[in-house]
Amino acid sequence: MAGVAMTETLLEIRGMSKSFGALKASDDVSLDLKQGEIHALIGPNGAGKSTLIAQIAGSLRPDSGEVWLEGHNVTHQDAVARAKAGLGRTFQISSLAMEDTVLQNAMLGALGARRRVPGLWRPVMRDSDLRATAMEALREVGLEEFAHFRTADLSHGQRRQLEVAVALTLRPHVFLMDEPMAGLGAEGSAILVEFLRNLKSHAPILLVEHDMDAVFQLADRISVLVYGRIIATGTPSEIRANAQVREAYLGEEDEE
Amino acid sequence: MRRETLINTILTLGLLAVPLVAWAMDETYAITLATEVVILALAGVGLNLALGLGGLVSLGHAMFFGIGGYAAGILASHAQSYDPIMEWPFLIEGTQSMPVIWLLAIVASALVALATGALSLRTSGVYFIMITLAFGQMFYYFTISWPAYGGEDGLSIYVRDRFPGLNTLDPIQFFGLCFVLLMVCLFIVARLSRSGFGLALNAARQNETRVRAVGIEPYRLRLMAFVISGAITGLAGALYADLNRFVSPVMFSWHTSGEIMVFVILGGVARLFGPVAGAALFIILEEALDGVSDYWHIYLGALLLIVVLFARGGLIGLLAGRNGGGGHD
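The listed protein sequences derive, respectively, from chains A and B.
Under our numbering, the first residue of the first sequence carries the number 1, and numbering increases by one thereafter.
Under our numbering, the first residue of the second sequence carries the number 1, and numbering increases by one thereafter.
Keep in mind that the hints are not guaranteed to be accurate.
Residues from chain A that keep clear of chain B, each with C-beta distances beyond 12 Å, as calculated [said to hold, decoys possible]:
id: 1; residue: Phe20
id: 2; residue: Asp27
id: 3; residue: Asn45
id: 4; residue: Asp63
id: 5; residue: Asp78
id: 6; residue: Arg89
id: 7; residue: Met98
id: 8; residue: Gln104
id: 9; residue: Gly185
id: 10; residue: Ala214
id: 11; residue: Ala232
Partial chain A-side listing against chain B, Cβ under 8 Å, derived [as the list claims (entries may be wrong)]:
id: 12; residue: Gly36
id: 13; residue: Ala54
id: 14; residue: Val80
id: 15; residue: Gly109
id: 16; residue: Leu111
id: 17; residue: Gly112
id: 18; residue: Gly119
id: 19; residue: Leu120
id: 20; residue: Val124
id: 21; residue: Val226
id: 22; residue: Tyr227
Hints listed in this document are in silico derivations from the structure and should not be mistaken for laboratory results.
Even for Gly, the Cβ is constructed at its ideal location relative to N, Cα and C.
Throw the hints in and build the complete structure from the sequences for me.
Now the structure itself:
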């Protein structure tokens, strides 16, 4: 695309609703993600963040509303098609092939990024292009020396890093990250914060995160989700100053 | 050399040595037993691709074994009676040429695998097991009640089918033919499991969501695996028909599916040579224990229980240690 402005909207959610029985998990949610930004989605437990992520990724079908990715309506596409269209997702609970090595998991991502049916004959681990892509992603998250470890033998934090590395190999146009800091510890979080800050210039990030320090350090914009509704969207300082948000969410934490 | 590679080499040499020694000593029965091991191993190699790499617990692989068997039986019976299979709209005659029979067995099993797989792979877990079982039983009852080809009594092949340049009635030559086919199929499966397809299929077995999230559809991978798997087991069925010079609906029964699965589990699920070790062990046990008791399956059952409880990698796993990740380095 020629002449892409920095303010171009890459991901847009329009009026998305999803109910489970009487529970409105998503209630007319609209939000967007622009080129070069980190848009954080915060909210108390049970606010519907994971449900929303699942609908954006395509693994859960909304009752109504639309998802637009780079100007295309992808509402009726499944998770596979959306991944192919450039949506790179990381999972709240690490979702990896645990018996495989770290490198194999990264190679799987690189393989998917080719966006064609995997070959039947050539030994994949000797594919130098895929290997280079996978190793580069592992290097970027600091897992290079663990490449030949079995994924099940990694620590929890390392699995989180691998989760991010697999998303990197996809070279997505949009990142969808569900609590990448969860369980990382202070040092790990600090490293990842730096990493994401650099990453956003490659592709914008819709970031669901519980770590408020990280969110306020990183986010260009923050949306606050409470009971399935977005009650406020704004810059970190606007959100900090928002009385409604303080009452619904931040205030509770300050008192603790 | 990796320990598993060493074990595989020893297995291959052993499988080759037994009939050769028997041939030198003129022990025809031992050659026939070794041939049976090779053919049953081949059926297991087919199933292992779906079961081991793909995690598809198919209890319907007898379907492909039977289709291969009946492909051989039907073609041979028409050739023997000089009665064409059909005359209109074009003439199709029977044949006793093994390459033609194999091709037909492979194509027919692959097509049936495509149709049954396309439906059954929409389910998973216990439903998949039940649907594959149901498809297998459909074929079983169909052949029982189909009088044209012997129905329940089965179908005899009076003279073993022919292969250009070989005397297939000579046990050692027929063994050699089956052995070469087993090696070719093992090579193909080894390549498949090391390919990008194998990596993604193996990952889909462990974590379907992960594979979807990188933009690869697990359904397609599994269907492809199921088709190739069915084709290999179908080829084994055609050879089995020629080994016994007889086919019957038993080839389609769920006992057969179960036995093929037993080879895979005994030898080691997802191990390249697992079915070879499993089929060899099965035949050795059958021979050794059959004399001891008519109820030798009790001992087989006990052994299977021990393997499932204490040695999940089967015989190969026990000898070679933990799997290095689906054959990838």
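Verification of the hints:
Taking the minimum C-beta to C-beta distance to chain B, about 20 Å, the non-interface status of A/Phe20 holds against the 12 Å cut. Against the 12 Å criterion, A/Asp27 stays outside the reach of chain B, whose nearest CB is about 26 Å from its own CB. Consistency note on A/Asn45: stated as away from chain B, and its beta-carbon is indeed over 12 Å from all of that chain's, at 22 Å minimum. Chain B leaves A/Asp63 outside its interface by the beta-carbon criterion, the shortest separation being 22 Å against a cut-off of 12 Å.
Remark: the non-interface label on A/Asp78 conflicts with the geometry, its nearest Cβ contact in chain B lying 8 Å away (cut-off 12 Å). Against chain B, the non-interface label of A/Arg89 is violated: not every CB pair exceeds 12 Å, the least being about 5 Å. Under the 12 Å C-beta cut-off, the non-interface status given to A/Met98 relative to chain B is violated; the minimum distance is some 6 Å. Not every beta carbon of chain B lies more than 12 Å from that of A/Gln104, the smallest distance being close to 6 Å; the non-interface claim is violated.
Its beta-carbon lying about 24 Å from the closest one in chain B, A/Gly185 satisfies the requirement of being farther than 12 Å from that chain. For A/Ala214, the requirement that its beta carbon stay farther than 12 Å from each beta carbon of chain B is met, with the minimum near 23 Å. Against the 12 Å criterion, A/Ala232 stays outside the reach of chain B, whose nearest CB is about 30 Å from its own CB. For A/Gly36, the shortest C-beta to C-beta distance to chain B is roughly 24 Å, which exceeds 8 Å, and the interface hint is violated.
Because the beta carbon of A/Ala54 sits about 10 Å from the nearest beta carbon in chain B, more than 8 Å, this interface hint is broken. Against a cut-off of 8 Å between C-beta atoms, the interface hint on A/Val80 holds, since the closest Cβ of chain B lies about 5 Å away. A least Cβ separation of about 5 Å between A/Gly109 and chain B falls short of the 8 Å threshold, and the interface hint therefore holds. Hint status for A/Leu111 relative to chain B: holds, with the closest Cβ pair at about 5 Å, below 8 Å.
Hint on A/Gly112 holds. Least Cβ distance to chain B is approximately 3 Å, under the 8 Å limit. Proximity of A/Gly119 to chain B holds as hinted, the smallest CB-CB distance being about 5 Å (cut-off 8 Å). With a least beta-carbon distance of about 5 Å to chain B, the hint placing A/Leu120 at the interface is held under the 8 Å criterion. Nearest Cβ of chain B to the Cβ of A/Val124: about 4 Å, under the 8 Å cut. The hint holds.
Nearest Cβ of chain B to the Cβ of A/Val226: about 28 Å, over the 8 Å cut. The hint is violated. With a least beta-carbon distance of about 27 Å to chain B, the hint placing A/Tyr227 at the interface is violated under the 8 Å criterion.
Comparing the model with each numbered hint stated earlier shows that hints 5, 6, 7, 8, 12, 13, 21, 22 do not hold.
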